[in-house]
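Both chains come to you apart, so use the hints to assemble them.
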Amino acid sequence: MSMQVKTHKAQSDFSTYCRTGEAIEIPGTKPEGVKQYRKLVFGVVKDAIENSFPIAIEYIQPEIWDEMVFTFFKNHKCQSFQVWNIAGEFYEYVVENNWAEKYNIPVLHDLLKFEWTETEMYNMKDIETGDYKSSGDYLYDVPVFNPEFKLLQFTYPVHLTQPGVAIEKPASYFALAFRDLDDGRIHFFDLSVFNVWMIEQMAVYENSLEQTLLTAKSVFGELDKKVADSAIDFLKYLNKKKFLLGFKPVNN
Amino acid sequence: MIGLGYRRDFAEEFLTRENIQPDFIELAPENWMEIGGYWKKQFDKVAEQYPIFSHGLSLSIGSPDPLDMDFLKKVKAFLDHYDVKIYSEHLSFSKCDNAHLYDLLPVPFRKDAVKHISERVGIVQDFLQRELALEIVSYYTPVAAEMDELTFIKSIVQESGCGLLLDVNNVYVNAFNHKYDAKQFISGLPLNKVKYIHIAGHKQVSPDLIIDTHGEPIIDPVYDLFEFTMSKVEPVPVLLERDYNIPEMQEMQTELNRLRVIHQNSIKQYEHAS
Numbered sequence: 029m030s031m032q033v034k035t036h037k038a039q040s041d042f043s044t045y046c047r048t049g050e051a052i053e054i055p056g057t058k059p060e061g062v063k064q065y066r067k068l069v070f071g072v073v074k075d076a077i078e079n080s081f082p083i084a085i086e087y088i089q090p091e092i093w094d095e096m097v098f099t100f101f102k103n104h105k106c107q108s109f110q111v112w113n114i115a116g117e118f119y120e121y122v123v124e125n126n127w128a129e130k131y132n133i134p135v136l137h138d139l140l141k142f143e144w145t146e147t148e149m150y151n152m153k154d155i156e157t158g159d160y161k162s163s164g165d166y167l168y169d170v171p172v173f174n175p176e177f178k179l180l181q182f183t184y185p186v187h188l189t190q191p192g193v194a195i196e197k198p199a200s201y202f203a204l205a206f207r208d209l210d211d212g213r214i215h216f217f218d219l220s221v222f223n224v225w226m227i228e229q230m231a232v233y234e235n236s237l238e239q240t241l242l243t244a245k246s247v248f249g250e251l252d253k254k255v256a257d258s259a260i261d262f263l264k265y266l267n268k269k270k271f272l273l274g275f276k277p278v279n280n
Numbered sequence: 679m680i681g682l683g684y685r686r687d688f689a690e691e692f693l694t695r696e697n698i699q700p701d702f703i704e705l706a707p708e709n710w711m712e713i714g715g716y717w718k719k720q721f722d723k724v725a726e727q728y729p730i731f732s733h734g735l736s737l738s739i740g741s742p743d744p745l746d747m748d749f750l751k752k753v754k755a756f757l758d759h760y761d762v763k764i765y766s767e768h769l770s771f772s773k774c775d776n777a778h779l780y781d782l783l784p785v786p787f788r789k790d791a792v793k794h795i796s797e798r799v800g801i802v803q804d805f806l807q808r809e810l811a812l813e814i815v816s817y818y819t820p821v822a823a824e825m826d827e828l829t830f831i832k833s834i835v836q837e838s839g840c841g842l843l844l845d846v847n848n849v850y851v852n853a854f855n856h857k858y859d860a861k862q863f864i865s866g867l868p869l870n871k872v873k874y875i876h877i878a879g880h881k882q883v884s885p886d887l888i889i890d891t892h893g894e895p896i897i898d899p900v901y902d903l904f905e906f907t908m909s910k911v912e913p914v915p916v917l918l919e920r921d922y923n924i925p926e927m928q929e930m931q932t933e934l935n936r937l938r939v940i941h942q943n944s945i946k947q948y949e950h951a952s
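Residue numbers (this note's numbering), protein chains in the order written: chain A, 29 to 280; chain B, 679 to 952.
Don't read these hints as lab results, they were simulated from the structure. Careful: at least some of the hints might be erroneous.
In silico SDA-like pairs for lysine to any residue, Cα to Cα no more than 25 Å straight-line [as the list claims (entries may be wrong)]: (1) B:723 with A:236; (2) A:269 with A:236; (3) A:58 with B:825; (4) A:67 with B:723.
Only chain B is shown next, with the shape it has when bound in the complex (with noise of 0.2 Å):
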């Protein structure tokens, strides 16, 4: 399956299929709780036609304040409404201090991390009563780390049992920005655990910085990544992400074709293999 981000701009477009077919829509569950009028129900429409992958902003599972469980209880009607196939997040932070920042800051790669985010992995699991398949984030700075992040994505599988969601442009992305190979750390990562797969664009704004935007087409190098990554997993779905500079729909149709190339190719070798 492969799907793409759903915005309100997109609604049309999604309901009458004529320019773009995703087998599937991603959305964050914030921006459509709590929510009413013409753009619901827009999406209510759309969201009778397309299977619902859910990917949140703000469950904040690294931060260091307590979970917010009047949000859990929000999100967890959102996703009973909706029959969600898959929940993700962000291994990240994005409240500290009793104060949302409305963005996915690092965690510290470091051993109480780890066991802080595995005992929160449990618990929203628990109430959610739904695995949780969390992103290895995009980041511009370590942070006190006293691991690497590669030691921290396993030791938070391996204690808390949680999915992962591999964001093959984040890691290119990571792969960059801190100078290590991105095929090595994809190889390295508990593959067994991938549930899902992102993918996007990225703009490099210095000769050492890249950003990761969803603001540009995927370019090849990560195309190559996405192939590399999809020989190592199971089938799993994957999933476009456009966020800004938001393209014809013909041209974001193209990207999906591309993707369920490589991504048909990998199951009919998952398969001969199996």
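Chain A with its partners taken away, still in its complex shape (with noise of 0.2 Å):
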């Protein structure tokens, strides 16, 4: 293409600034409109973060957050075109950069990840839901899941409890994330680790309870019959929150 040298240091050069704040010498600008540009700019990236991130603001002390929005714009670059998703980019530059480690902040990556899965699948495309029958039998049919979900792992329960609690009590937490079909919110489960297995069986795989748990047997070990039936009474839960739409149609 045909851009200059000077014109394009000059374009580089003002957006290094509106990125860092740090002043450059630009030919030919107004220093109270280039200024401005600073403002308009970290505003937008400031409040796409913070709109992503309320609970993690309420924590962590005012100076510090400022400290890592301003750190990250000034040295991350920005890749998506979306706004909503430079939330997205904070978090994983976060995790890189190991924070948690940096500012003593343990349930940091944690909270954001719990934080920016709501923003994400709230915003994701939709995911075709496959043909179902609403009702079936829990334990031969092969259940149909709402296919917008998402298994989390936490190290801290940031999905139970305020950050100041589970903060307290770091363990392996599992949680299940899935997006209502009907109003578009995020719902969070707390589950087992059996029970997240069980899940990806039935979703990834497509088998039915009863072939799930014969698959368990060689997994686990033997199973106590209680197992069986709380897994039923786990489907009966899911189909009430909506998470369980019905089941696969039999084809004959």
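Written out as structure tokens, the structure reads:
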């Protein structure tokens, strides 16, 4: 293309200033006007990040939070053309740079993961729901789940309680997140590792609960009969919560 | 036609039409591409009822970076899917050194920028199989300029053959901030290339600086400038932009009504004259 070095440099310096806030002499500019752009650009980025992390903002000291957002935007070149995705890039940047350790906020990565998952799933593209019948046998029919879901693992139970409480309870936590097909809201449910495994088996491999429990024996050893009963109750619960939509129609 | 910028929270009002009756809606494709969920479903319902105009944010036509062809593919799919009537973008840049900036930065008014942008307009128009209308943006500082704004805009329109989106409020804001005469500026534009008009409110933040906020009602001098503009261009669609400090729908309908009266009078005058 036809851009000359001088023009390119002026644009590069101008945009660098907007990202870093560090003064650069740019020919033919009005200082007050240039400052407005930094204010506008940084305001958009800060708003986009803060809209996605309301719990983190409440929990983290304001000056630390501001430093994080400032440092992120100064050093990271945002790749998404969609403003709401800035929050996802911020989350990835925080994890890559291990800011949980740097700022001594152990719950930080889990907290941002939890809040970003909500934003990401709220906006994500629709996933086609396969054919299903609304009633069926919980043990023998193949359940059909809402396809708009994610299984998550946390070290701190940020999906269950406030970060100030969660920080005292490190362990292995699992959660199901799914988008309500009617109102688009994201629901989170705490799960045992066994229930996570069952959902994976049934959703990914399209197994019935009976088949899943048979497989479970080879993975976990002999299962108590109570496990089958509680598994049926679990599926009924998921149905009530609109995650289990129905059952796969049987082909004749 | 008098339209209104679409926002998620307007969906229900647009569907019922009880308090607001725009002739068309305008949106940024970036906000509706590659997403789903409740608000996308609402948007799809609204899109069935209204003609859609699209006003992009991220093309970054004035950027020294290469055009993002993957982005353009997505834009094309969006425009085709929703049968978009007009695709407009900003005569600015919003990406540089491989970093998005999420605002409309001023392009240096320079000869090489004219050539660079004109070549890119050609690529975009060929790829999208549509005419591109470029908006004259509000700007708060020139950058390394070697010509005036009017010469820059005229040169791009002439070299690229693109259409113009004339934002009357932007011209008012720029005229105030850079101390020129708004009517003289508009009169100097290639007005036969104006495809679309925007109008909005702004905020004066200091004695010599106005910011184009889209967060206030349109002020009378901007209505006057709109009337002046409409007397000079062919009848084209007009859009009211409101992105912040959203008032009651009836208040925005009052603004739409006032714009509609001016627009209709200009159509009568245009038909009478021709």
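Is residue 58 (chain A) within 25 Å of residue 825 (chain B), Cα to Cα? OK: residue 58 (chain A) and residue 825 (chain B) at ~16 Å, within 25 Å.
Residue 723 (chain B) and residue 236 (chain A): Cα distance at most 25 Å? 37 Å, violated
Straight-line Cα separation of residue 269 (chain A) and residue 236 (chain A) no greater than 25 Å? 19 Å, holds
Is it true that the CA of residue 67 (chain A) sits at most 25 Å from the CA of residue 723 (chain B)? 36 Å, violated
Checked against the numbered hints given earlier, this structure breaks hints 1 and 4; the rest are met.
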